[in-house]
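*Asks:* Sequence:
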Amino acid sequence: MKDKRILYVSSEVVPYLPETEISSMSFEAPRMVNKQGGQIRIFMPRFGNINERRHQLHEVIRLSGINLVINDLDMPLIIKVASIPKERIQVYFIDNEDYFKRKATLTDEDGKLFSDNDERAIFFAKGVIETVKKLNWAPDIIHVNGWLASLLPLYLKEFYKTEPLFTESKIVTSVYNQSFDGALDNGMLAKVNFDEIDVEATKLLEQPNYNNLMKIAIDNSDAIIRGSKELPEELDTYLNDLTKPVLDYFSIEEFADPYTEFYTNTVLNS
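Under my numbering, the first residue of the sequence shown carries the number 476, and numbering increases by one thereafter.
To be clear, the hints were calculated from the coordinates, so they are not data collected in a lab. Hints should not be assumed to be uniformly reliable.
What the hints assert, rightly or not - No more than 25 Å apart at the CA atoms, straight line, and that leaves these computed lysine-lysine pairs for BS3-like:
| id | residue 1 | residue 2 |
| --- | --- | --- |
| 1 | LYS645 | LYS510 |
| 2 | LYS608 | LYS555 |
| 3 | LYS704 | LYS678 |
This structure is a prediction, so every number in the text was calculated from the model and none was measured.
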């Protein structure tokens, strides 16, 4: 992976949030590529329960300051950055007072999904892409982890399809068993279609549940990784029927060689 550029976009990364399959792999995979001489960037949301002082987050003024239009509203984008201790890995945080200041991630103290998670997902996708554009950093691979990041492949393939920085980028999505009950706001489809994204590409968002969000990500990716040993049956069947490359599940102890081979021989050559 020497000198290859890989952009990791994740809803959660250790050490900033607790250990889960997603947060652990979103740290271990970049660390592996970094050790192999690859260039990596990690993006995640700046949730309000991330301790900025302990993790030494600071705002990057030159990257902040643009407004993203979400459902006809201007929402300021703030970019913060921190370094993972001992790893010399930088993590970029997508922030906005309205969407990410609350002291929680995706649910309230009663376990209920936040009503604006759909807008947070749109903001996160657009925020990552706009920031990478400002960095003028063209990734060879964009690796997506977690359902809050699931709109990124759709926006890259549709809203930003004429953006030259990403014309050679390959999109990989890892599919996990970390889902949610119910669905996001039923106005999500209209909010995405406000960005004039092809209606055919967004039909699944008529019912924005976990499986459909992941199908949207799968449909707009070049390759897929099974991030969990067991997946929801509906997604399992969906992956089995795909014609695009799918890498089977590998545990965190054994993933390094299969991921490297998949990136190098399958994704970059597809």
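*Asks:* Which hint numbers does the structure go against, in order from smallest to largest?
*Replies:* Of the numbered hints, just 3 does not hold.
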